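**Q** Single-letter residue listing:
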Amino acid sequence: MAVGSGVAPLRPLALPKFRSSSEATILGILGIVLFLGLWEVAAQVGWLNPVILSSPSRIAVAFAGQWQSGQFLGDLGVSLAELAIGFVLSAVFGVAVGIAMGLNRITEYALDPFVWFLYSTPLVALYPLIVVWLGFGFATVIAITFMLTVIPIAVNTFSGVRSVDPSLVCAVRVFGGSHKDVILKAVLPASLPLVLAGFRIGLSRALIGVVLGEMFSSNAGLGFRMTVYAAHLKTADVFVPLVAFVIIGIITTQLAIMLEGRLQSWKT
Amino acid sequence: MILSRRLVVGSISVAAFLVLWQFVGQREIVRSDLISYPTEVLGTFIHLTATGELGTNASVTLQEFFEGFVPSIAFGVIFGVVLALVKPLRELLDPLLTAIYTAPTIAFIPIFVVWFGVGTYSKVVIVFISAIFPIMINTRVGVSEIAEPWLRAVRSFGADQLQVVTKAILPGSMPAIMAGIRLGLGRAIVGLIAAEMYVSISGIGRMIQVYSSAARASEIIVLVVVIAVFGYVCVALLRSVENRMGTWRSDLE
Chain R
1 MAVGSGVAPL RPLALPKFRS SSEATILGIL GIVLFLGLWE VAAQVGWLNP
51 VILSSPSRIA VAFAGQWQSG QFLGDLGVSL AELAIGFVLS AVFGVAVGIA
101 MGLNRITEYA LDPFVWFLYS TPLVALYPLI VVWLGFGFAT VIAITFMLTV
151 IPIAVNTFSG VRSVDPSLVC AVRVFGGSHK DVILKAVLPA SLPLVLAGFR
201 IGLSRALIGV VLGEMFSSNA GLGFRMTVYA AHLKTADVFV PLVAFVIIGI
251 ITTQLAIMLE GRLQSWKT
Chain C
1 MILSRRLVVG SISVAAFLVL WQFVGQREIV RSDLISYPTE VLGTFIHLTA
51 TGELGTNASV TLQEFFEGFV PSIAFGVIFG VVLALVKPLR ELLDPLLTAI
101 YTAPTIAFIP IFVVWFGVGT YSKVVIVFIS AIFPIMINTR VGVSEIAEPW
151 LRAVRSFGAD QLQVVTKAIL PGSMPAIMAG IRLGLGRAIV GLIAAEMYVS
201 ISGIGRMIQV YSSAARASEI IVLVVVIAVF GYVCVALLRS VENRMGTWRS
251 DLE
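Protein chains in written order, with the numbering used here: chain R, 1 to 268; chain C, 1 to 253.
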């Protein structure tokens, strides 16, 4: 089974569909406000130890401090740059490998065991070796991000290429299309939905890669800053990069969903 | 025939990789303490097993994993069903839960260490938190996609609310729940190892951290493979459970 299992296409996370009814919006906002309010009150009244648990107002003060010193924007810039570079490298390489595996059976069979192994391995554990190879910091974080991201993109591209209707390829060939035309005009457009789904999974994995890379092997960025503040028990300051990561996660996921919707609308 | 060709080509490529690795490592074309080589890795595995170091640490990690993962399945399914059935609660909590679900859970590791200490407790919590959100949200989506006629059929035969849940809702949403459990499993393993590597007293992740500061590639590779095999066994077990349920489903239809 290990070798012959093949790799199944990955589905993006199931996300609940938001109905844009105003009632749901109001209730949703109310939920967040209630959560923050309860937390604040619990810290103020002393039900929870505010030093350990912090509180929304303390986090706001910590954010203001990190913002004014310019540190927050600096960390954010580093993290976003790592995320972008890691993701783009993975997208280019992953799509190329996926197409190669999809078009050629021998390539598929040869790479299948490695793809499977990399996909099921917690690659974070390899970070010490990468630090030895690439040094501490930017390059290592990008390498960890790349390793986490490239596999889902390659696997999904591969499944996308496999799902292409052969008659489409024949049609391009009949009209005298070259091998390049076949890939650019038939294979890529037809496998687009699965490739995009791969991008969506890849984006969330890339963010995990940045967090892990920075926590373990970096001297800059939001993840690095969290570990520094945690070591000094500055809980409110830990929450600033943490909340930033949550917001980046939401924004990138929404962007990917929007992109999927827009690029697929041409089909109908 | 096709399967056997897959097996042959796959085996050849893995064998070629191992031979190349052995050659490059042993001949010191690349410094072997950076990449090790297969026979050394095998020797290290035997050594770590024989001294009992691997077994002791693996049992700590396993225990943390199950103490976090089993409750996350139970609570994840229960919360998911409740969220799907109680509309006001769902609308109140949806944005908040989705936000935490989309966020990288591992970013919570430093704060959990502050809250729950450096021992096993903070690892159990990270496993629980990593796994519960995919399970809960998948259950919630699965339950709300159950066809209304099913529920009406069960009700019209006089089922009470509890029976509707156990006879229609849970079986009907089982594929989505299993998908959620599989997603949660992967996240939980990564979270657990990362948390142990971040700070801990014992466990596989702790071993990785210790050997990495000594730049011992062969030990690290052994540990990475051990984790990968554990993940693979879990996924295979889940698949077999799922398949068994699948045959049950097709029997019904």
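Honestly, the hints are just simulated from the structure, not real lab data.
This one's a predicted model, so the numbers in the text were calculated from it and none came from an experiment.
The beta-carbon is built from N, C-alpha and C at its ideal position, and this holds for glycine as well.
Misleading hints may appear alongside valid ones.
With the C-beta cut set under 8 Å, the calculated list includes, among others, these residues of chain C facing chain R [unchecked claim]: (1) Val9; (2) Ile46; (3) Ala50; (4) Leu151; (5) Ile201.
Which stretches of chain R does chain C cover? Using the computed rule of at least three CB atoms under 8 Å from a CB of chain C, they are [what the hints assert, rightly or not]: (6) 66-78; (7) 81-95.
Chain R regions said to be covered by chain C (calculated; three or more residues, Cβ under 8 Å) [stated by the list, open to error]: (8) 110-120; (9) 127-140; (10) 155-167; (11) 244-256.
**Q** Now tell me, hint by hint, if it's right for this structure.
**A** Here is what the structure says about each hint:
1. Val9: Given a least distance of 4 Å, the restraint on C/Val9 holds.
2. Ile46: This hint is violated: C/Ile46 lies away from chain R, its Cβ roughly 20 Å from the closest one there, beyond 8 Å.
3. Ala50: It is violated, given that the least Cβ distance between C/Ala50 and chain R is near 22 Å, above 8 Å.
4. Leu151: 19 Å, violated
5. Ile201: For C/Ile201, the interface hint is violated, since the closest Cβ of chain R sits about 17 Å away, which is over 8 Å.
6. 66-78: Violated - the stretch 66-78 of chain R has 0 residues with a Cβ nearer than 8 Å to chain C, which falls short of three.
7. 81-95: Per the Cβ count (0), the hint is violated.
8. 110-120: holds (count 7)
9. 127-140: Satisfied; 6 residues make the cut.
10. 155-167: violated (count 0)
11. 244-256: holds (count 5)
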